[in-house]
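Chains as they are written, first to last, in my numbering: chain G, 770 to 887; chain D, 279 to 390.
Don't read these hints as lab results, they were simulated from the structure.
There could be a bad hint or two in this list.
Stated by the list, open to error - So the derived list for chain D, only partly shown, Cβ under 7 Å to chain G, looks like this:
(1) G383
(2) T387
(3) P390
Stated by the list, open to error - Covered stretches of chain G, going by a simulated chain D footprint (3 or more residues, C-beta under 8 Å):
(4) 834-847
(5) 876-886
The beta carbon of each residue, even a glycine, is placed where N, CA and C say it ideally should be.
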Amino acid sequence: DTGVSQDPRHKITKRGQNVTFRCDPISEHNRLYWYRQTLGQGPEFLTYFQNEAQLEKSRLLSDRFSAERPKGSFSTLEIQRTEQGDSAMYLCASSAPGLAGGPEETQYFGPGTRLLVL
Amino acid sequence: DAKTTQPPSMDCAEGRAANLPCNHSTISGNEYVYWYRQIHSQGPQYIIHGLKNNETNEMASLIITEDRKSSTLILPHATLRDTAVYYCIVRLLIFGNEKLTFGTGTRLTIIP
């Protein structure tokens, strides 16, 4: 178990540019989540995949944001035309179904990608 | 998911037990209590969760009151590495309710 990994760990970009982040979940975890965290606040849910299907999207996920998980393994989060308000830590988590396929499961988080939009 | 209330900050002496309270007075019967912590500049780390009974693992103990309206996370022998923000989350474990709803947590500082 190598844990959830995220790349890059830090990204500085200019307003208006596009950025893409990658998340590699724990092997065999079929669920993958994206959260966003701004300074002084707890993480906020953005979206969630089960295998390659995107099952839920938060209202926080504007049209400029798109997430994919094409083969049910790694995922990417793209932000188009970045704005200064997009500056935040972007966190990825993964989980596997609980015993007997029940809903009791634990989400394990990666180290995050810190984005700064100038 | 039920709302939780935590003190914004707490201090604890190194080597002592750290007791972190959480109020969740509107919790429903099938909502679980989860605890995560976040050390500075890292992703949240799962600690423990429970439904009704007290739970213990290698990291901590979770004490849930009989009426389930509050709980306490206990770190039995706090070390400097336990300095972090601790989040108490109440979550209805049903398919389709997968997200975690974090509040602002308790910033725990372990004092040497």
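Structure-based check of all given hints:
no., hint, verdict
1, G383, "holds (6 Å)"
2, T387, "violated (16 Å)"
3, P390, "violated (25 Å)"
4, 834-847, "violated (count 0)"
5, 876-886, "holds (count 7)"
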